[in-house]
Amino acid sequence: MSLIATEALTKTYGGRVTALSDLTVDVEPGVIGLVGANGAGKSTFIKILLGLLAPTSGSVRVFDLDPTVVPDKVRTRVGYMPEHDCLPPDVSAAEFVTHLGRISGLPRTAARERASEALRHVGLYEERYRQIGGYSTGMKQRVKLAQALVHDPDLLLLDEPTNGLDPAGRDAMLALIHRIGTEFGISVVVCSHLLGEVERICDSLVAIEGGRLLRADRISAMTTASDILAVEVSEGTDELSAELTKQDFTVTRDGRLLLVELSEEDAYDRILRAVADLDLPLHRLDQRRHRVAELFATREKADV
Amino acid sequence: MSEASVIHDIGYQRYDGPRLGRGAVLGAIYIHGLRAAFGFGRSAKSKIFPWLVSGITILVAVILAAVRAQTGIVALNYVQFDDAMSWLVILFVAIVAPELVSRDLRSGVLPLYFSRPLRAADYLGAKFVALVTAVWLVLGVPQFVMFLGAAFTTKTGMSGVWNELGDLLPAWGYTLIWAVVFASLSLLIASLTGKRAFAAGGIVALFLMSTPIFGVLQLLPSRTAQELAGLASPMMLIGGVGNWLFPGHGTGMPIGRFGPVYAIEAATVIAACLLLLLARYRKVASL
Numbered sequence: 001m002s003l004i005a006t007e008a009l010t011k012t013y014g015g016r017v018t019a020l021s022d023l024t025v026d027v028e029p030g031v032i033g034l035v036g037a038n039g040a041g042k043s044t045f046i047k048i049l050l051g052l053l054a055p056t057s058g059s060v061r062v063f064d065l066d067p068t069v070v071p072d073k074v075r076t077r078v079g080y081m082p083e084h085d086c087l088p089p090d091v092s093a094a095e096f097v098t099h100l101g102r103i104s105g106l107p108r109t110a111a112r113e114r115a116s117e118a119l120r121h122v123g124l125y126e127e128r129y130r131q132i133g134g135y136s137t138g139m140k141q142r143v144k145l146a147q148a149l150v151h152d153p154d155l156l157l158l159d160e161p162t163n164g165l166d167p168a169g170r171d172a173m174l175a176l177i178h179r180i181g182t183e184f185g186i187s188v189v190v191c192s193h194l195l196g197e198v199e200r201i202c203d204s205l206v207a208i209e210g211g212r213l214l215r216a217d218r219i220s221a222m223t224t225a226s227d228i229l230a231v232e233v234s235e236g237t238d239e240l241s242a243e244l245t246k247q248d249f250t251v252t253r254d255g256r257l258l259l260v261e262l263s264e265e266d267a268y269d270r271i272l273r274a275v276a277d278l279d280l281p282l283h284r285l286d287q288r289r290h291r292v293a294e295l296f297a298t299r300e301k302a303d304v
Numbered sequence: 001m002s003e004a005s006v007i008h009d010i011g012y013q014r015y016d017g018p019r020l021g022r023g024a025v026l027g028a029i030y031i032h033g034l035r036a037a038f039g040f041g042r043s044a045k046s047k048i049f050p051w052l053v054s055g056i057t058i059l060v061a062v063i064l065a066a067v068r069a070q071t072g073i074v075a076l077n078y079v080q081f082d083d084a085m086s087w088l089v090i091l092f093v094a095i096v097a098p099e100l101v102s103r104d105l106r107s108g109v110l111p112l113y114f115s116r117p118l119r120a121a122d123y124l125g126a127k128f129v130a131l132v133t134a135v136w137l138v139l140g141v142p143q144f145v146m147f148l149g150a151a152f153t154t155k156t157g158m159s160g161v162w163n164e165l166g167d168l169l170p171a172w173g174y175t176l177i178w179a180v181v182f183a184s185l186s187l188l189i190a191s192l193t194g195k196r197a198f199a200a201g202g203i204v205a206l207f208l209m210s211t212p213i214f215g216v217l218q219l220l221p222s223r224t225a226q227e228l229a230g231l232a233s234p235m236m237l238i239g240g241v242g243n244w245l246f247p248g249h250g251t252g253m254p255i256g257r258f259g260p261v262y263a264i265e266a267a268t269v270i271a272a273c274l275l276l277l278l279a280r281y282r283k284v285a286s287l
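Protein chains in written order, with the numbering used here: chain C, 1 to 304; chain V, 1 to 287.
For the record, the hints were derived by calculation from the structure and aren't laboratory data.
Keep in mind that a hint or two might mislead.
Between beta-carbon pairs, the in silico distance windows are [unchecked claim]:
1) C/Asp227 to V/Leu192: 53 to 59 angstroms
2) V/Phe40 to C/Thr109: 48 to 54 angstroms
3) C/Asp66 to V/Trp172: 43 to 49 angstroms
Pulled from the structure, derived: some chain V residues nowhere near chain C, Cβ distances all over 10 angstroms [unchecked claim]:
4) Gln13
5) Pro18
6) Ala24
7) Ala28
8) Ile48
9) Ser54
10) Ala66
11) Val74
12) Leu112
13) Phe114
14) Val132
15) Phe144
16) Ala151
17) Val161
18) Trp172
A virtual CB, placed ideally from N, CA and C, is assigned to each residue, including glycine.
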């Protein structure tokens, strides 16, 4: 069964601004990245999924339910984490998440238990009894995630969950989202304008731009199997490039970096040996996966 | 390894217990609102004002009851008590109504409410009833204190108690009218801004500004104008309705035969405020 299915979904505001146009996607359960620049229509899409906005035309189904017809049934099974600040400063996280659990229909004791569970899962322990006003941005993001989890949804809609976080905080948040998707058995839609960020944790990817679908597919279908090794040497970059090309490697030059495709088992060792043989001062070796971004690069340029 | 991996081994528990319906959710918001009105679950600072007002009204009631028990003088009857406390009630709603709605607007918490199975009407209904209850308690409890004082010192035995109860119950009804009118007006004003100070100022201003208009109208030489002057001020409006519904209890404000006009205006004001609130939140709820 598909998780989210839309058919020619279109949303215009006041007949002039087009937020979504003719969007047709069919997404399976898992961790889904929804990628697009600011203003691409990601938030509009999420609000339509929640039944907060009615589409101008086209149809949308979440868990095979129509959010425009039975929004309550959809919302019971969905957790939403908004992009913007949405926490009152003068209550404790425990109390706040409990209250929202009750608004989702949990009985009092269950709401309290699940609130502390949810806060524990996002990594807030004793500090959950402190007032939210004193929290760091990272902790606030965690509280926002916890309130989306408290009623045990089947789908999480996360709007820019890494907003405002430092690199370490980003990694922690992404790891947490990945764990929710894989271990908790909850499907997650992660909105982001940073492709490189979500591609690490997603099973499938939906890219939209200007309200139109760029591409929707599983990550595995988008990335080629081979990895890339980035090599940086202080000098003799050209010599190394020539040497590696001679050895039948596919080498691309990217500034001071050489990007070498790792096609065979022993490729890594052979590249190292080539550097050693030429006696070059090695600066950096960095193994990367093919970036999905590269798949979009040409299309995005074409659109501009 | 790190502490996180220990936690992570406990695993995530799915919830398969009951999920309650609309009524329970409404109840949760109502209780939450009523608690917030008196500062429960909030900082000590937010308890000061509601409890100051409640303390003063109860103190006045105790004094009234004591004076009556000692000297037999009824300085204020139950209905007049509401009118006499009007300024305290205005201050109370000016603090509590923003606490109930402006706070949610300010902190941007509404998207979290409305992405759950909750309608704008349910949210508003629960907040409205919570404020009505809070205002009613602020006036109704002191009235009950006055009743207790009178009932225990009555010299006519059981029939005296019954007489008192016959006075108290209509007065509680009058208090309810106060609560409903004040709650609808103040919630509407508070829902317009996320800044609590502005909302409080606006509410006080509404009641403050309308009183001089009433005063001017009452100075007009026409008797009809004098009798209709109360329509200009929410407080006098309630007084007029009270005079019409419970003749002989009230402050004796001259309303002539315009009682029904007062009642119609009161009903219209309440309905209009609630509809405007709903319209406002329809917009807010779509985020």
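Right, here's what the structure says about each hint:
{"no.": "1", "hint": "C/Asp227 to V/Leu192: 53 to 59 angstroms", "verdict": "holds, 58 angstroms"}
{"no.": "2", "hint": "V/Phe40 to C/Thr109: 48 to 54 angstroms", "verdict": "violated, 19 angstroms"}
{"no.": "3", "hint": "C/Asp66 to V/Trp172: 43 to 49 angstroms", "verdict": "holds, 48 angstroms"}
{"no.": "4", "hint": "Gln13", "verdict": "violated, 7 angstroms"}
{"no.": "5", "hint": "Pro18", "verdict": "violated, 6 angstroms"}
{"no.": "6", "hint": "Ala24", "verdict": "violated, 7 angstroms"}
{"no.": "7", "hint": "Ala28", "verdict": "violated, 4 angstroms"}
{"no.": "8", "hint": "Ile48", "verdict": "holds, 14 angstroms"}
{"no.": "9", "hint": "Ser54", "verdict": "holds, 21 angstroms"}
{"no.": "10", "hint": "Ala66", "verdict": "holds, 39 angstroms"}
{"no.": "11", "hint": "Val74", "verdict": "holds, 43 angstroms"}
{"no.": "12", "hint": "Leu112", "verdict": "violated, 6 angstroms"}
{"no.": "13", "hint": "Phe114", "verdict": "violated, 7 angstroms"}
{"no.": "14", "hint": "Val132", "verdict": "holds, 21 angstroms"}
{"no.": "15", "hint": "Phe144", "verdict": "holds, 29 angstroms"}
{"no.": "16", "hint": "Ala151", "verdict": "holds, 37 angstroms"}
{"no.": "17", "hint": "Val161", "verdict": "holds, 39 angstroms"}
{"no.": "18", "hint": "Trp172", "verdict": "holds, 30 angstroms"}
Comparing the model with each earlier hint shows violations of hints 2, 4, 5, 6, 7, 12 and 13; every other hint is respected.
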